[in-house]
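The lines below spell out each chain.
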Amino acid sequence: MSDDLEVIRRVLAGEGECFRDLVERYQRPLFRLVRNLLPDPNDCADVAQEVFLAAYTSLGGYDPRRAAFSTWLFTIARNKCWNALKKKRPHLPGNLPERIDARTPEGVLAEEELFRQLDAALAALPPEQRTAFVLSEIQGLSHEEIGRIEGVKLGTVKSRLSRARDRLRSLFQRTVEQP
Amino acid sequence: MDADDRYQAWKQRRAAAEVPEGFADRVMQTVRGVQGRQQRHAPAGVLGLLFSSRLSKVAVCTLAVAACVVRVAAVVAVLLPE
Numbered sequence: 001m002s003d004d005l006e007v008i009r010r011v012l013a014g015e016g017e018c019f020r021d022l023v024e025r026y027q028r029p030l031f032r033l034v035r036n037l038l039p040d041p042n043d044c045a046d047v048a049q050e051v052f053l054a055a056y057t058s059l060g061g062y063d064p065r066r067a068a069f070s071t072w073l074f075t076i077a078r079n080k081c082w083n084a085l086k087k088k089r090p091h092l093p094g095n096l097p098e099r100i101d102a103r104t105p106e107g108v109l110a111e112e113e114l115f116r117q118l119d120a121a122l123a124a125l126p127p128e129q130r131t132a133f134v135l136s137e138i139q140g141l142s143h144e145e146i147g148r149i150e151g152v153k154l155g156t157v158k159s160r161l162s163r164a165r166d167r168l169r170s171l172f173q174r175t176v177e178q179p
Numbered sequence: 001m002d003a004d005d006r007y008q009a010w011k012q013r014r015a016a017a018e019v020p021e022g023f024a025d026r027v028m029q030t031v032r033g034v035q036g037r038q039q040r041h042a043p044a045g046v047l048g049l050l051f052s053s054r055l056s057k058v059a060v061c062t063l064a065v066a067a068c069v070v071r072v073a074a075v076v077a078v079l080l081p082e
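These protein sequence lines are chains P and Y, in that order.
Per this note's numbering, the first sequence starts with residue 1, numbered consecutively.
Per this note's numbering, the second sequence starts with residue 1, numbered consecutively.
Please keep in mind that the hints were generated in silico from the structure rather than gathered at the bench.
Do not rely on the hints blindly, as some may be mistaken.
Footprint (simulated), chain Y over chain P, 3 or more residues, beta carbon under 8 Å [unchecked claim]: (1) 3-9; (2) 14-22; (3) 25-32; (4) 43-51; (5) 70-79; (6) 145-155.
Residues from chain Y that keep clear of chain P, each with C-beta distances beyond 12 Å, as calculated [what the hints assert, rightly or not]: (7) Val27; (8) Val34; (9) Leu50; (10) Val58; (11) Thr62; (12) Leu79.
Bear in mind that the values here come from a model prediction, so they are computed numbers and not experimental data.
Where is the CB? At the ideal position from N, CA and C, for every residue including glycine.
The shape of chain P in the complex, shown without the other chains:
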């Protein structure tokens, strides 16, 4: 955190090349977030690049008293992803498959099919539930951090997360419990 602030101070002082430190430090978690929020993997590199560029151009507006740099960066990423989703296709809520078809060959192929359908189920979640799920379960962020990124209260985060987990879990359970 204090290391981030030192790098930010140097970038703002005109040492633009220091921004590379921030890119290298956060590219992996940022890419993971973008990859999990956008359905099309082909869009990820472009959106992740846009996020870093937006962070660079508005770095002067970052206030370390309000949030950690990572939280600020993930907020930009979340907004960019939502914008990309809006441009790409209209959101269709309730598009979850009724159940996962597990009538695939045993072993790896069956698991691949299961994962593929869970991916589809995640993609079909409403954006706010999907974001909460990804930030919590995939990124490992705390509920407080998610609240700051989403700009919502703790209770809202918990309820979105609970609904997302319920939908994915029930879909998953229906599949694995099938004879």
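For this one, chain P is given, so just place chain Y on it according to the hints.
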């Protein structure tokens, strides 16, 4: 592998998104482009110094408002009877 293990395995796979090779280089290339544009468009000399920070901008605006108020007061004073 039980249901929970498979669920965790799926989440781990989702978390294993790889960064494309040379991604940081591409970002820095774009950043340098932005830097170049910012430098070209940055006001030079005294103006550049005046608008270099938020504090100096506020100071310049305050001075401008004060000068304006003084000027208006001078004009109004001319019209007032002695």
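The hints, checked one at a time:
| no. | hint | in the structure |
| --- | --- | --- |
| 1 | 3-9 | violated (count 0) |
| 2 | 14-22 | holds (count 4) |
| 3 | 25-32 | holds (count 4) |
| 4 | 43-51 | holds (count 4) |
| 5 | 70-79 | violated (count 0) |
| 6 | 145-155 | violated (count 0) |
| 7 | Val27 | violated, 5 Å |
| 8 | Val34 | violated, 6 Å |
| 9 | Leu50 | holds, 16 Å |
| 10 | Val58 | holds, 15 Å |
| 11 | Thr62 | holds, 21 Å |
| 12 | Leu79 | holds, 45 Å |
When the structure is compared with the earlier hints, violations turn up for hints 1, 5, 6, 7, 8 and for no others.
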